[in-house]
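Undergrad: Sequence:
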Amino acid sequence: MYAMQYEITLPADYDMAIIRHRVATRGHLLDDFDGLGVKAYLVRERGVDGSPVNQYAPFYVWHRVAGMSRFLLGGAGFQGIVDSFGRPGVRHWTGAAFHRGTATSATAATRHTEPIPDGADPAEAIKPALDELAETAATHGVHSTVLAVDPQAWELVRFTLWEGTPEVKGHLHYQVLHTSVPHLDELTDGPAWSR
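FYI, the numbering for the sequence shown is 61 to 255, going by my numbering.
No lab work stands behind these hints: they were computed from the structure.
Keep in mind the model is a prediction, meaning the values are calculated, not measured.
Glycine included, each C-beta is placed from N, C-alpha and C at the ideal position.
Don't take every hint at face value.
Unchecked claim - So the derived label-pair ranges between C-beta atoms look like this:
| no. | residue 1 | residue 2 | range |
| --- | --- | --- | --- |
| 1 | Ala84 | Gln139 | 12 to 22 Å |
| 2 | Ala183 | Ile68 | 32 to 42 Å |
| 3 | Asp178 | Thr154 | 11 to 21 Å |
Build out the structure end to end from the sequences listed, making use of the hints.
TA: The following block contains the structure:
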């Protein structure tokens with residue numbers, strides 16, 4: 061399992077209706093993409109939920125690396141982003157755990173990052189985050205939540221899709237314009253290494 065996100069920061073006066081139209085007309089193209097567990101089409105709007113920027117920032121959870129590679133390098137999706145906005149940097153993380161909640165749709169998302177302290181054993185440092193992820197999944201209104209690790213920076217990222225407005229602080233907040241979930245059922249609950 062792999063997580064991935066690119067962030068396209070737009071001018072402060074950018075008409076976000078352009079992004080909404082883009083997602084409304086193109087979002088369905090990944091609704092059956094092989095290897096994709098979840099794609100959340102996310103935006104942040106300047107002045108909404110404390111965001112200082114306008115941003116288009118899709119987040120992906122891949123259950124197979126071949127799908128991610130085909131999307132990024134095989135001309136099957138990412139090229140549309142490059143053609144419209146230039147080539148953004150793509151952050152990617154090794155999937156650590158995934159849990160589904162009880163919600164069937166998502167209108168909001170949160171992302172929280174935290175460093176794994178220098179000198180800490182990553183296997184031990186991740187245990188509290190795994191417990192917290194399971195607790196988050198049991199929270200009312202959660203669609204799904206993933207924990208992933210950047211092993212270069214030794215940083216954890218927790219990403220959660222919500223059915224309504226989440227009451228969490230210290231996280232980046234996004235609006236969800238669309239979700240593609242072609243292989244959601246192949247993302248099994250729990251730590252990735254226990255599958």
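Undergrad: All hints, please: hold or fail.
TA: Tested hints:
At about 20 Å, the beta-carbon gap between Ala84 and Gln139 stays in the expected band of 12 to 22 Å. Roughly 35 Å separates the CB atoms of Ala183 and Ile68, a value that falls within the hinted 32 to 42 Å. Taking 11 to 21 Å as the suggested C-beta distance range, the pair Asp178 and Thr154 conforms, at roughly 19 Å.
Figure legend: structure checked against the earlier numbered hints; every hint is met.
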